[in-house]
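**Q** Using the sequences and the hints given, assemble the complete structure.
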Amino acid sequence: MKASLPLLLVACTACSTARIAGGATVAPGSEPPGVTLALFGMGRCEDEAGARVPESEGRISVVRLQDGRLVLVERRPGYDSLVVDNGWDEGDTRVFQLALKRRGGVPYLREYRLPRDGADFGRLVLVDRVTAWRDSRRGFHASYIRPSLVCNLTPYRARS
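Following this note's numbering, the numbering of the sequence shown begins with 2 at its first residue and continues without gaps.
Just so you know, the hints here were simulated from the structure itself, not pulled from any lab data. Note that this is a predicted model, so its numbers are computed, not measured. Beta carbons are placed, not taken as given, at the ideal position from N, Cα and C, and that holds for glycine. Heads up, a few of these hints could be off.
Simulated restraints, written as ranges between beta carbons of each label pair [unchecked claim]: (1) 38 to 104: 32 to 40 Å; (2) 30 to 70: 16 to 24 Å; (3) 91 to 69: 14 to 22 Å; (4) 130 to 67: 31 to 39 Å; (5) 133 to 67: 32 to 40 Å; (6) 147 to 38: 24 to 32 Å; (7) 130 to 91: 20 to 28 Å; (8) 104 to 27: 19 to 27 Å; (9) 136 to 114: 18 to 26 Å; (10) 47 to 103: 20 to 28 Å; (11) 118 to 68: 29 to 37 Å; (12) 50 to 118: 26 to 34 Å.
**A** So this is what it looks like as structure tokens:
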């Protein structure tokens with residue numbers, strides 16, 4: 002079962018039976034309007050043992066809403082979109098965290114670490130063993146020792 006956990010975590014992105022903290026699922030095409038500040042594609046993914054895991058065809062965007070807030074939107078063909086509003090800055094990095102709790106299970110954490118200028122590579126980690134949770138002004142911050150899955154996020158270059 003341990004080997005299939007990363008695939009389960011990726012597949013369960015928008016499970017209808019999951020409770021979500023730090024964001025919401027929305028139907029494709031219903032994502033919040035705003036200005037797209039950065040756009041990333043899903044790159045190479047590896048599980049905690051370093052084995053390659055097939056990448057999903059996801060697109061990650063950072064959007065500034067009309068009220069000035071930043072949200073992360075993850076879109077994948079065939080799934081509802083994730084809109085993550087639990088985010089903060091750490092130096093030159095923008096961090097977003099979303100927790101998914103399936104009925105009868107422990108929460109899974111999705112953490113996105115993106116360059117604030119959108120010009121460099123980012124990272125998505127999926128975590129099944131969170132070591133600490135603490136409330137923040139606009140949500141929560143979770144800590145962990147080791148992710149179960151790590152995916153590179155590749156910036157899309159601006160088209161001229």
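**Q** Compare the structure with the hints numbered earlier in the document and write down the numbers of the violated ones, lowest to highest.
**A** 11
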